[in-house]
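2 protein chains.
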Amino acid sequence: MKIATCKAPVNIAVIKYWGKRDENLILPINDSISATLSLDHMCAKTTIVSSPDLTETRFWLNGELQSTGNKRFQKCLEEIKKRAKPDVECLNWHLNIVSENNFPTAAGLASSAAGYACLVYTLAQIYEVDGNISSVGRMGSGSACRSFFGGWVRWLKGEKNDGSDSLAIQVAPENHWPEMRVLVLVVSDHKKAYSSTSGMKTSVETSELLKYRAENIVPRRVEEMVQAIQNKDFPTFAKLTMQDSNQFHSSCLDTYPPCFYLNDTSRVIIELIHAYNEFREETKVAYTFDAGPNACLYLLEKDVAEVIEMINYVFPSEPIAMSSYFKGKAVPYTTIDEKLMYMLINFRQPEGKLKYIIYTEVGSGPLVLKEAEDHLVAENGEPKI
Amino acid sequence: MKIATCKAPVNIAVIKYWGKRDENLILPINDSISATLSLDHMCAKTTIVSSPDLTETRFWLNGELQSTGNKRFQKCLEEIKKRAKPDVECLNWHLNIVSENNFPTAAGLASSAAGYACLVYTLAQIYEVDGNISSVGRMGSGSACRSFFGGWVRWLKGEKNDGSDSLAIQVAPENHWPEMRVLVLVVSDHKKAYSSTSGMKTSVETSELLKYRAENIVPRRVEEMVQAIQNKDFPTFAKLTMQDSNQFHSSCLDTYPPCFYLNDTSRVIIELIHAYNEFREETKVAYTFDAGPNACLYLLEKDVAEVIEMINYVFPSEPIAMSSYFKGKAVPYTTIDEKLMYMLINFRQPEGKLKYIIYTEVGSGPLVLKEAEDHLVAENGEPKI
Chain G
2 MKIATCKAPV NIAVIKYWGK RDENLILPIN DSISATLSLD HMCAKTTIVS SPDLTETRFW
62 LNGELQSTGN KRFQKCLEEI KKRAKPDVEC LNWHLNIVSE NNFPTAAGLA SSAAGYACLV
122 YTLAQIYEVD GNISSVGRMG SGSACRSFFG GWVRWLKGEK NDGSDSLAIQ VAPENHWPEM
182 RVLVLVVSDH KKAYSSTSGM KTSVETSELL KYRAENIVPR RVEEMVQAIQ NKDFPTFAKL
242 TMQDSNQFHS SCLDTYPPCF YLNDTSRVII ELIHAYNEFR EETKVAYTFD AGPNACLYLL
302 EKDVAEVIEM INYVFPSEPI AMSSYFKGKA VPYTTIDEKL MYMLINFRQP EGKLKYIIYT
362 EVGSGPLVLK EAEDHLVAEN GEPKI
Chain Z
2 MKIATCKAPV NIAVIKYWGK RDENLILPIN DSISATLSLD HMCAKTTIVS SPDLTETRFW
62 LNGELQSTGN KRFQKCLEEI KKRAKPDVEC LNWHLNIVSE NNFPTAAGLA SSAAGYACLV
122 YTLAQIYEVD GNISSVGRMG SGSACRSFFG GWVRWLKGEK NDGSDSLAIQ VAPENHWPEM
182 RVLVLVVSDH KKAYSSTSGM KTSVETSELL KYRAENIVPR RVEEMVQAIQ NKDFPTFAKL
242 TMQDSNQFHS SCLDTYPPCF YLNDTSRVII ELIHAYNEFR EETKVAYTFD AGPNACLYLL
302 EKDVAEVIEM INYVFPSEPI AMSSYFKGKA VPYTTIDEKL MYMLINFRQP EGKLKYIIYT
362 EVGSGPLVLK EAEDHLVAEN GEPKI
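As given, the protein sequences belong to chains G and Z, one line each in that order. The working numbering numbers the first residue of the first sequence as 2 and each following residue consecutively. The working numbering numbers the first residue of the second sequence as 2 and each following residue consecutively.
Source of the hints: derived by calculation from the structure; they are not laboratory data. Keep in mind the model is a prediction, meaning the values are calculated, not measured. Be careful, since some hints might not be right.
The list treats identical chains as interchangeable, and a pair is accepted whether it falls inside one copy or across any two copies.
[Said to hold, decoys possible] Only pairs whose alpha carbons sit at most 30 Å apart, straight line, appear in this in silico DSBU-like list of lysine-lysine:
| no. | residue 1 | residue 2 |
| --- | --- | --- |
| 1 | K212 | K240 |
| 2 | K340 | K328 |
| 3 | K202 | K285 |
| 4 | K202 | K212 |
| 5 | K161 | K86 |
| 6 | K240 | K202 |
| 7 | K212 | K21 |
| 8 | K21 | K240 |
| 9 | K240 | K340 |
| 10 | K72 | K202 |
| 11 | K240 | K285 |
| 12 | K202 | K76 |
| 13 | K72 | K3 |
Produce the entire structure from the sequences given, and follow the hints as far as they go.
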């Protein structure tokens, strides 16, 4: 019997991936860039047991047995086995795969990226695979490929039809910009989410603006973003991040029929951040939104206390949610400037527009966990209850 | 003393105007197309008195005395005078100008287009100006130039720097497509509206997608729209209308900082119309949104009853608003199909998301009113109270 347990991080794109040029291999129409978030506050965790005694391969996600017939799951398994050391004895053994996300999947926080990265990374331990395996994770969920590295990561769209050059590389390591912080604002929404897979497909088929963006705007923007990150140039980084988030949602609106991911609360957050940056006469915070209403704010440590006070004032929590409103790193306190408070009056929202807030930072890539207590399976190789 | 009273209509664009190439002359970056709405339900009305006894020019709008220093107002006055018959004796007399909109300006329904068209059209009566004066209206408010004709109207962007070829022409007269109907859904919104003048300016300065749209997409779409209108091809007309509305809002979102005009209620309307067209397996209704959350629906007379029932079901009015919820033409009734009702359940909204609904149709251009009782001034030339 062989066992491996790993953790893999969430990543939040600052130059967005939206649109595939190959649906099957999951090859994107443009490069994208993301920050990898700390494993301490949000991550996927997977334990895989391989044993000659198992009679079938089973997969549990958050405690529920899943079908292993899923095409993307099968593809990842198949691809990682192709790269296995030829003499690995367990290649034909069945597997027990047990996965968990330590954040609510319902929150619409790119759980599939961390999940597929973790699955593939853990499989790579079992089959003793070396090298850049991000392209294998890509076949599970496109953006998963960016979760194979810590720090700042670029997914190269690649040129080849077989997808072998569509993989992630590190732009800068996790300790490169130590002041960088991230606030995830989880927005209340009663609306059923659009699937990003089908939204993306419809966008590619119908939006001329998306095509123009991918071919003519993103290539230049990616280079500017790499420079901004390498130079730790926050104002440029922030402006590009906000512009690219808006342009991605703009392409969604140009899709026919249109897909909407932002709601009225998202809109208030966007307007609030612009008003705050203008008030401070400096770009201090950047927002970005994926395929859902939740905001991810990038900002520097020195500005966290004031921004958190501002968010608390504009988005009062429901009394019942108070104790669990903040998750992640310890939240600093400050008192809010009177002039700032005055500016914020018009932004103030009713209670409960945000579900909770996660305060986190840029972190490392996937980790192998060696302690027995870390395994998600009991000694018999079955999931712990 | 000379007196003239006119009415001018509202127009609703189906190919949108967004972006000026000349701020001063109000020259657009692309052609646009609109339908002129019936004067019976929404219009501006203006009375102008010219007399050698007046010692100054005054202007009342909806009962309030306005400054006449407004640059656009002055420009329209100046330009129309340039075109006056040289022997018109009143050219140097002062004016009393009295204007009213017969629909709430607060509703965000392009009141400035009807207002400036009416002002210029009435001035043209006073100064005995002939010919296409839409380019004069354009200098007051760009889209006003489309309110000088009935039916279906195209505003040619023109090529000249002096703007002399940037004017409106009729694509089809008001009786061309007699089955066409319009429902204006006035959406409740507590948000202060963005000015469209400044939003448009920021879009031109910052949105690369807007530039691409104006240069590469709209020219083709305008020709397709003219064909669809001339052929009374509703499905093509409707699809182009929805796509162009979405692309205009898409450009607003690509603006930096972004401008939002749609709110969550607008979003429900968009999704509802797509779901309804899909349910009926035919494009039966088109939505379009200007620089605000209100929807304008284009549909054929035969479908009005069912669509109104659907809207009533999805957007229940507040009990207090019931008696005045529908304005305009008499609303037909029907009972709603059970399968349709079932499909609509998930769309149902709380009471009061719509303020009211105007049911109207395509109508004529401006009219001169000859009856004494139509004048907005009393016999002494001062506004009636």
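Verification of the hints:
1. When the C-alpha separation of K212 and K240 is checked against a cutoff of 30 Å, the pair qualifies both within a copy, at 22 Å, and between copies, at 20 Å.
2. Within a single copy, K340 and K328 get their C-alpha atoms as close as 29 Å, which meets the 30 Å cut-off; across copies the closest is 45 Å, which misses it.
3. Taking the shortest Cα distances, K202 and K285 sit within 30 Å of each other only across copies (25 Å), while inside one copy they are farther apart (35 Å).
4. Taking the shortest alpha-carbon separations for K202 and K212, both the intra-copy value of 12 Å and the inter-copy value of 25 Å come in at or below 30 Å.
5. In this assembly of identical chains, K161 and K86 lie within 30 Å of each other by CA distance solely inside one copy; the values are 25 Å within and 71 Å between copies.
6. Taking identical chains as interchangeable, the C-alpha atoms of K240 and K202 lie at most 30 Å apart whether they share a chain (27 Å) or sit on different chains (19 Å).
7. Taking the closest pair of Cα atoms, K212 and K21 come within 30 Å of each other both inside a single copy (11 Å) and across two copies (25 Å).
8. Taking the closest pair of Cα atoms, K21 and K240 come within 30 Å of each other both inside a single copy (25 Å) and across two copies (25 Å).
9. Only within a single protomer do K240 and K340 lie at most 30 Å apart by alpha-carbon distance; the minimum there is 25 Å, versus 48 Å between protomers.
10. In the homo-oligomer, the alpha carbons of K72 and K202 lie at most 30 Å apart inside one protomer (17 Å), although the nearest pairing across protomers, at 48 Å, exceeds that limit.
11. Proximity of K240 and K285 under a CA criterion of 30 Å is satisfied intra-copy only: 10 Å inside one chain copy versus 42 Å between copies.
12. In this homomeric assembly, K202 and K76 come within 30 Å of each other (Cα to Cα) only inside a single copy, at 20 Å, whereas the closest approach across copies is 49 Å.
13. Taking the shortest Cα distances, K72 and K3 sit within 30 Å of each other inside one copy (25 Å), while across copies they are farther apart (81 Å).
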